[in-house]
Amino acid sequence: MAAKKPIAMLLEAIDNHNIEQMESAIRDYGVSIRQPIGAEKLTIIQRVVIRGALECLHWLLWHGADANDKTPQGWTAAHLAAIKGRSTCLEALCNNGASINNKDLKGNTPAHLASIHGNAHTLQTILRYGGDTHARDNESWKPAHCAAFFGRLGCLQVLRKWGANFNEIDDQGNTAAHLAAKEGHLECLKFIICKSASIDFIVNSRNNQGDAPKDIALRFYKDRCVEYLNAVEHDIENPKLYDDSIAFPAHAAAFYGNLEKLQTLIEEGVVSVDEQDNHGSTLAHKAAGNGHINILRWLMEQGCDVTIRNEAGETPKDVAKRYAQMGAVELLGGEVADEIIEDENLDDAMELNDDEKIEAQGRASHRIEELKRLLKIAKANYHQLGGLLDEDIETMDKQAEYERTITELEAQLNYERSKREKLEAKIDQLNTKIHLLNKQIDDVTNKYSELLKGERNTPKNNSTNTTVAKSSLKKNYRRSSRDGGILLERTPSKSKAIDIF
Numbered sequence: 001m002a003a004k005k006p007i008a009m010l011l012e013a014i015d016n017h018n019i020e021q022m023e024s025a026i027r028d029y030g031v032s033i034r035q036p037i038g039a040e041k042l043t044i045i046q047r048v049v050i051r052g053a054l055e056c057l058h059w060l061l062w063h064g065a066d067a068n069d070k071t072p073q074g075w076t077a078a079h080l081a082a083i084k085g086r087s088t089c090l091e092a093l094c095n096n097g098a099s100i101n102n103k104d105l106k107g108n109t110p111a112h113l114a115s116i117h118g119n120a121h122t123l124q125t126i127l128r129y130g131g132d133t134h135a136r137d138n139e140s141w142k143p144a145h146c147a148a149f150f151g152r153l154g155c156l157q158v159l160r161k162w163g164a165n166f167n168e169i170d171d172q173g174n175t176a177a178h179l180a181a182k183e184g185h186l187e188c189l190k191f192i193i194c195k196s197a198s199i200d201f202i203v204n205s206r207n208n209q210g211d212a213p214k215d216i217a218l219r220f221y222k223d224r225c226v227e228y229l230n231a232v233e234h235d236i237e238n239p240k241l242y243d244d245s246i247a248f249p250a251h252a253a254a255f256y257g258n259l260e261k262l263q264t265l266i267e268e269g270v271v272s273v274d275e276q277d278n279h280g281s282t283l284a285h286k287a288a289g290n291g292h293i294n295i296l297r298w299l300m301e302q303g304c305d306v307t308i309r310n311e312a313g314e315t316p317k318d319v320a321k322r323y324a325q326m327g328a329v330e331l332l333g334g335e336v337a338d339e340i341i342e343d344e345n346l347d348d349a350m351e352l353n354d355d356e357k358i359e360a361q362g363r364a365s366h367r368i369e370e371l372k373r374l375l376k377i378a379k380a381n382y383h384q385l386g387g388l389l390d391e392d393i394e395t396m397d398k399q400a401e402y403e404r405t406i407t408e409l410e411a412q413l414n415y416e417r418s419k420r421e422k423l424e425a426k427i428d429q430l431n432t433k434i435h436l437l438n439k440q441i442d443d444v445t446n447k448y449s450e451l452l453k454g455e456r457n458t459p460k461n462n463s464t465n466t467t468v469a470k471s472s473l474k475k476n477y478r479r480s481s482r483d484g485g486i487l488l489e490r491t492p493s494k495s496k497a498i499d500i501f
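So the sequence shown is numbered by our numbering: it starts at 1 and just counts up by one.
If you're looking for bench data, these hints aren't it; they were derived computationally from the structure.
Incorrect hints may have been included.
Unchecked claim - Heads up, simulated DSS-like pairs for lysine-lysine below, C-alpha to C-alpha not over 27 Å straight-line: (1) 419 to 433; (2) 103 to 41; (3) 182 to 195.
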């Protein structure tokens, strides 16, 4: 059996996501990583992205493959990832410096192509990595125009979240609403109108041929779009017909989301739960059209009839759909196309069984350890040559900050220590003074006791004098204690001063 040619081996390896076989074909047979192969003139990295072989893509990026190489159509690997919905491959490309806003020969960026093919999750990845929602192709279409024309509701929702303006026009004066109406994409048309900055503008805007979205829908026999646009125009022309708060207070409460007032009116029997206004709309119609889920749920709990049709022949669910109130549609039992409706399988980038995934993870882990070792060696070599890495400068700055903080804390500590020593010295002085005062008090007490004892031994005929002397002594003692601590001891013949301090 003849041996396979290197290119055939390489293509087989890519199709099978076999990184070892791909590496062998490139190294052993000298196949250039950037060489276009096959009739499509695709490089290896472009083929890998188309197949969603994530590990093979990692290997190619590590070994110098250029993510910005273009096909004859002007597509880079990012364009191909957007077309095929390879979100994980697109992330790998962006992490390795791939341009996310390159244009192909028709002026399409990856965001345009993701919107065209309905890959909303991939579009989300593109925008997260800096994709431009305002980029225009050669026909002056933005991604929103592409999504509207091809009926990609999920992509329109993503673009809206990232700031897309549905009122902008292309070279022919068409808004996204014109394009959705032309192709009959009713759900997209509803979303565009309800999320536009001005409903009046988007419904009545005319292109270079003087056509409004309804005119285009009529021309191409898109009857459902025509009916919807007629209903919207009716609401624009008659904005207050449903807001008769005097004749229909419950309808006004349901319209404006006033649940408490509505409950009061119904529970007190003022109105019934299925009351209809002049146009046949019930309370459920008003709540559903404005997205008041709490009111709608309460009305359903009270047993309201959600199958009643108004003069336009619409049930509450129809009204909710018309105004793109997807929560109300779901509550009323409708199918909700609120989130990504056409998208890739998020696991398609790794079409491997469990054992193959474990092996791939092991190879990736080994590569990490090898790169860590090489990085450590490179840093050591750089240091030997006198170089300073950013992390070294950061460490030095932190060290200087630590030293400055330590110096400040030491100065504060010395100040507090000095302050404490002064306080301790003052405490010692006060303790000494207290001790002296206590000793003086003891001496005075002893002398007073001796005086009292001597008075008791005085003859009785002198009792009167003794009493007077005691009274005088006590009075003088109290006065001397208050006046400065001098005790005057008086006797019939003389007096003497005792300095107790």
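Structure-based check of all given hints:
1. 419 to 433: Given that 27 Å is the threshold and the Cα spacing comes to 22 Å, the pair holds.
2. 103 to 41: 18 Å, holds
3. 182 to 195: Holds, because 19 Å separates the two Cα atoms, which is no more than 27 Å.
Of the numbered hints given earlier, the model fails none.
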